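Asker: Reading the sequence shown from the start, the letters are residues 818 to 1472 in my numbering.
These are calculated hints, taken from the structure and not from any lab test. Since we're looking at a predicted model, the values are computed, not measured. Keep in mind that a hint or two might mislead.
Claimed, not checked - No more than 25 Å apart at the CA atoms, straight line, and that leaves these computed lysine-lysine pairs for BS3-like: (1) 1259 / 1277; (2) 1190 / 1200; (3) 1081 / 1024; (4) 963 / 1072; (5) 1224 / 1402; (6) 1288 / 1259; (7) 1219 / 1412; (8) 1260 / 1288; (9) 1277 / 1219.
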Amino acid sequence: MSNNKADNRSYGQGASGEVNPTPRPKVGFWTKARYSFDNSIAKSSAFVFYLFLAFALLSVFVVLTKYTLYSLPGILPEGTLPPKPIGLENFFDWFASLYTPQPPQNWADRVVFILNWVITISIAASVTAFFVAAINRAFAKLRKGKSPIIDSNHTLILGWSNRVFPILKELAAANANARNARVVILSNLERDFMEDEIESRAEGLGKLKVITRSGDPTNPTDLKRLNLSNSKSVIILDADEAGDATVVSTVLAVKSVNTNPNLKVIAELDDANTSEALVSTTNGQVIAIRSHDVIARVTAQASRQPGLAAVALDLLDFGGDEIYFQAVPALAGKTYREALVSFNEASIIGLAHGDGSLELNPKGTTKLKVDDKIIAVAEDDDKVVFTGPTDPVVKAKPAVKKVPARKAEHMLIIGWSGMGRTILAELAPFMVKGSTVHIIGKKDYTKRAETENLNFGNLKTTFAYTSGDLKDILVAASAKHYDQILVLGYRKGVTVADADALTMLTMLQLNQLFEQDGNGVDPTRLVAEILDSSKAEIARVAAVDDLVVSDNLAALLIAQISENTALAPVFADLFDVDGASLNLKPIEYFADLGKDISYGELVAAAALRGDSAIGIRIAANASKDGTTGVELNPSKHHTFKPAAGDGLVVVGNLE
């Protein structure tokens, strides 16, 4: 008995034995027909077929109706023969009579006329609706940005961030004289949104044509539509919270579809190890730009040296002086020191050797070889003209002043982000024993882990949370005399707009404290970081000594390297404290105050100190409205009278 029960037992899924099949519901003929019809009607070709089939069947129906009515007694006039039976021979005669332009002769004609009119209007409306829908679908597809790119030699931007807008402006400036300059942008955003944003935030692009496409930058199928292999360069933006992971995926997708071994890919990354790995595994085809590092380095330098942020911007944008590589046969056998004073309208900062290596600010005794190129800062490439050293400069024996011993410095940082650690690391080599940095940050926007282990060499740091109100800032600012105050933008737990609003509010609060008497706050240099370049003009209203615009700095660097990849190692060296870097040194290191001197003589004096001079800063010309007093690359014949506070902008080593 038990055996029979076991044999008849139903086994569930996962038990031994077979699963009982689920009984299929019976589907009737009309259900199957409707199912097939619904699936096929979605196709345009099927819709046209069904439309003509309906037209044919309705035409037969109308012809039969007309024949039936004509066959009724009393319809045709007396003496008229009844109609012949409809056959293949006369069917089309009956069909043609439906559209013969003549007024109805009887009630049969009137009925047929109305019936035919209704059918014709219905068919015409269906056809019109079909074509309108098809046209709308075509336009909708175009608006989605799914069509392929047939252009070549275009700049391709993958991803989307606030840096898109300054990048476009710089590329427009760089290609102002180029014909058919084009930039293609692919991102996950809707095409309409991208175009609206570009129209409102990147005005004045001139001849530059911007083409937007919607898609996934990490999807090779989407990349194939962009004619990637024939593009001039590819820019990959760090566009979302996933950060480097998305950038790496995009690089791999680019490699999977790229057939051009010479195509350069500029990838924006955060992590140093990831950057190094991408560069090495792609044999240098990928150029890694660590934007946060560049911003941090410029911010660190700007906090110590007034006007240096403006120098960095001038070198990075296409509107002022730029960096060029130039072969000058006349310099073969000459020393680098002689080369420094041999160009009236260009400033020399280094050498590009024939073996491909670069050397910024080499020793003055270095002799140039035939295949060496100079690295020059000039307004345009046609300004890099060898003029030879002028007699006054050659004969001049400028006094080389002794650098005074540096004193301990004290800095207050208001606001914090992960980038702050890099800023401190860049500042540390400048600081002598006894230097301090005090940091205050809002708890909601500052991770405790980001504020731990911040001591670098001689630099002692302390951290405290703040509510951000005026009282807390007063307590922090009055604790001691600070040589400079740095206001950093928050990057965690807050939008870019809100972070910039907090920064500008803090700037206003500090200036209010500076203007009040008896509160214990001494007026000092104020440097601020703004994340969104569109807020830069508003921020300057808050009266700041130096303004570092983060997305602008990163965008300018990316745009420069996308146009000329050879500049990547030059900028990497310039913005790094190791080796030759941008510095603004007191003018009294090179000349006597109050005595007229030419810029050429200053260049010669800087060369004797082991520096390559590229400009001057006149403190009297600096103001709170954004004017920094910096003049890059003046003529060697330009003379002026140095005053206290003036400086010489050089590429050189730390002193």
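Asker: Would the hint linking residue 1081 and residue 1024 be met if the CA-CA limit is 25 Å?
Answerer: Status holds; Cα separation ~24 Å.
Asker: Check the hint pairing residue 1260 with residue 1288 against an upper bound of 25 Å on the C-alpha distance.
Answerer: Distance of about 16 Å is within 25 Å: holds.
Asker: For the pair supplied as a hint, residue 1224 and residue 1402, is the alpha-carbon distance within the 25 Å limit?
Answerer: At roughly 15 Å apart (the allowed maximum being 25 Å), residue 1402 and residue 1224 satisfy the hint.
Asker: Has the given pair, residue 1277 with residue 1219, been kept, meaning a C-alpha gap of at most 25 Å?
Answerer: Given that 25 Å is the threshold and the Cα spacing comes to 28 Å, the pair is violated.
Asker: Is it true that the CA of residue 1190 sits at most 25 Å from the CA of residue 1200?
Answerer: holds (15 Å)
Asker: Going straight from one Cα to the other, do residue 1288 and residue 1259 come out at no more than 25 Å?
Answerer: Satisfied, since the Cα-Cα distance of roughly 14 Å is no more than 25 Å.
Asker: Given the hinted pair residue 1259 and residue 1277, is their alpha-carbon gap at most 25 Å?
Answerer: holds (21 Å)
Asker: Check the hint pairing residue 963 with residue 1072 against an upper bound of 25 Å on the C-alpha distance.
Answerer: holds (21 Å)
Asker: Given the hinted pair residue 1219 and residue 1412, is their alpha-carbon gap at most 25 Å?
Answerer: holds (18 Å)
In terms of the numbered hints stated before, the structure departs from hint 9 and from no other.
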